[in-house]
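Kindly generate the complete structure, drawing on both the sequences and the hints.
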Amino acid sequence: MKETVIQIENLFAGYGLVPILENIHFDVFKSEIFIIIGGSGCGKSTLLKNMIGLLPPISGQVLIQGEDLCLAVGDDRNRILQKIGVAFQSGALFGSMTVLENILLPLKEFTRLPDTVMEDIAWMKLKLVGLEKSGFLMPAELSGGMKKRAALARAMALDPSIIFLDEPSAGLDPVTSAGMDNLVKDLASSLGITFVIVTHELASIDAIADRIIMLEKSAKGIIAQGTPEQMKTNTENPYVYNFFNRKIEKGEK
Amino acid sequence: MKPWTVSTHDGNTVLSLTGRLDAKSAALLLPEGLRVIEKARTPNLVLDLEAVDYIDTAGAAFLCLLENETGKKGIQNFSMVHLKSGFSTLVDMAKDIRQADFSAQRPEPLSFVENQGKSLLDALAETKEFITYTGEITLALFQSLLRPKKIRWADTFLVAERAGVDALPIVALISFIVGLVMAFQAAIPMRMFGAELYVANLIGIAMVRELGPLMTAIILAGRSASAFAAEIGTMRINEEIDALTVMGIDPVKFLIVPRIIAATFITPLLTLFSNLVGILGGAVVITSMGYPFISYYDQIASFVSWGDLTGGLVKCFVFGILIAAAGCIRGYQTESGPSAVGISTTRAVVTGIVLIAVFDGIFSIVYYSLGI
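Chains as they are written, first to last, in my numbering: chain H, 1 to 253; chain C, 254 to 625.
Calculated directly from the structure, the hints in this document are not laboratory data.
No incorrect hints appear here.
Only pairs whose alpha carbons sit at most 27 Å apart, straight line, appear in this in silico DSSO-like list of lysine-lysine:
(1) LYS185/H x LYS348/C
(2) LYS337/C x LYS127/H
(3) LYS2/H x LYS337/C
(4) LYS185/H x LYS337/C
(5) LYS30/H x LYS337/C
(6) LYS277/C x LYS83/H
(7) LYS348/C x LYS83/H
(8) LYS133/H x LYS348/C
As the structure is a prediction and not an experimental result, all values here were calculated from the model.
Okay, structure coming up:
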């Protein structure tokens, strides 16, 4: 039996009182790479915001390792938040700090280790994402791909068991994007980190996904879920079939 | 149960750890580990990790720190035993990191002389830029005035509404209070001479000639110059200005000219309003002292000339141009970076206020020598 790390139960999510997503149900298991996919405006980002506690659900529950982030306050909330790491789409690195200081920030805030140990940890994260030569650079000096990797390093700062990535390969060239995919795969297998990834890139889904859920705007929820293979051969729903097949065929030409 | 045990056998000090080695437990174990190293009587120290079932990067960094410390304390042999194979890559990586010297990468800070030189060059370049933009804006303004149909009037009116109509409450509040306080402060000493009514002359001349224009201009600098700088600065960062340029649309004409025209026309209007409200503020004090409003009015009407009013309005016509230009130029100069918009907004307000003060002085001298 696989260990469940995230449980979404009867989730109604949206802005204001009108839900964009209705009655969402799914589990994410330990060490898997879980992909959330869907067309523009289907609520992927809303779902992600609910999962990381930036947006409270209209109703329903999001449980991170059995605990509800939305109900937790103060130290409890911080404790749960330390189990997750989030890398935002644009990186969201703090522009006034060097890359190294960006990673040191959560360490200094939440651990009581000596400075040398914290710096070692930060350099290890940078090495893991291949940025060990860029620690003293400012975020403005990094390229798009480096920013995303630095954001991933910061998301890993406190060794969380779950990492959320918002569009990790959007706007990257194919080589960099493939590098990012490999990185995610390595981290998932070597450190046992669970990844929840919102993405559009079919190539990268093919390369790394363990399981996929697909959201759709008019259905206000999940229209299909399964492994990449299952999604590609899903003939019940033509939208899913087209989404996965036509684009992949185009991509292979 | 303690997560560690210390034992000695065969001339080895053995430190056995149990449980999880993460940031939290590493922080707890570190003082104990250092104490064991400090007190170790044997030349060999063995770290037994058999009972450790989880190590993350923080744990690995902690182990390497211990290893490092043993080297310093004269322990000859340090070894980690029973490390589970899954964690050895992390520990090896931590060792590499510990040995690597990253400080060489740290950029050299500039020396005092270099810093001074850099700021001088920056200041010169910036002044040059400021002058260039002033010229560009002047040119664009004249070109637009020659072909008024090309001016984006919809934008101009929108800016005029935001910078002008929306500013009425704050201008009213400040002017009213200035008029009221000034009248009150002046009335007290003037009462000793029975000359309270002449407070009207004071308020009238001060508001119309000086304070009305100055207050309005400073409020506009704080309210609108900053807004202009932030708007244009954000557009600069979002590459919207580059987009305009490659479309062949002159950003100066598109963005700056409407703002300057709007600010130039609303500043005198706001000043008129400010004069009126300031004088009303004075009226509150005078009427509360028992003088009828009409005598206050007559006193002002007979003392303040049309020349005073025109002089004040001409002045703030110029203030309007200065404020808008300062805001737009500072916004246009925005560089990239997270605090860039903040910096240009601040500089827009400072530049605006400095220019207002300088030009107010110039106007005073000119009016004085012209006898206005």
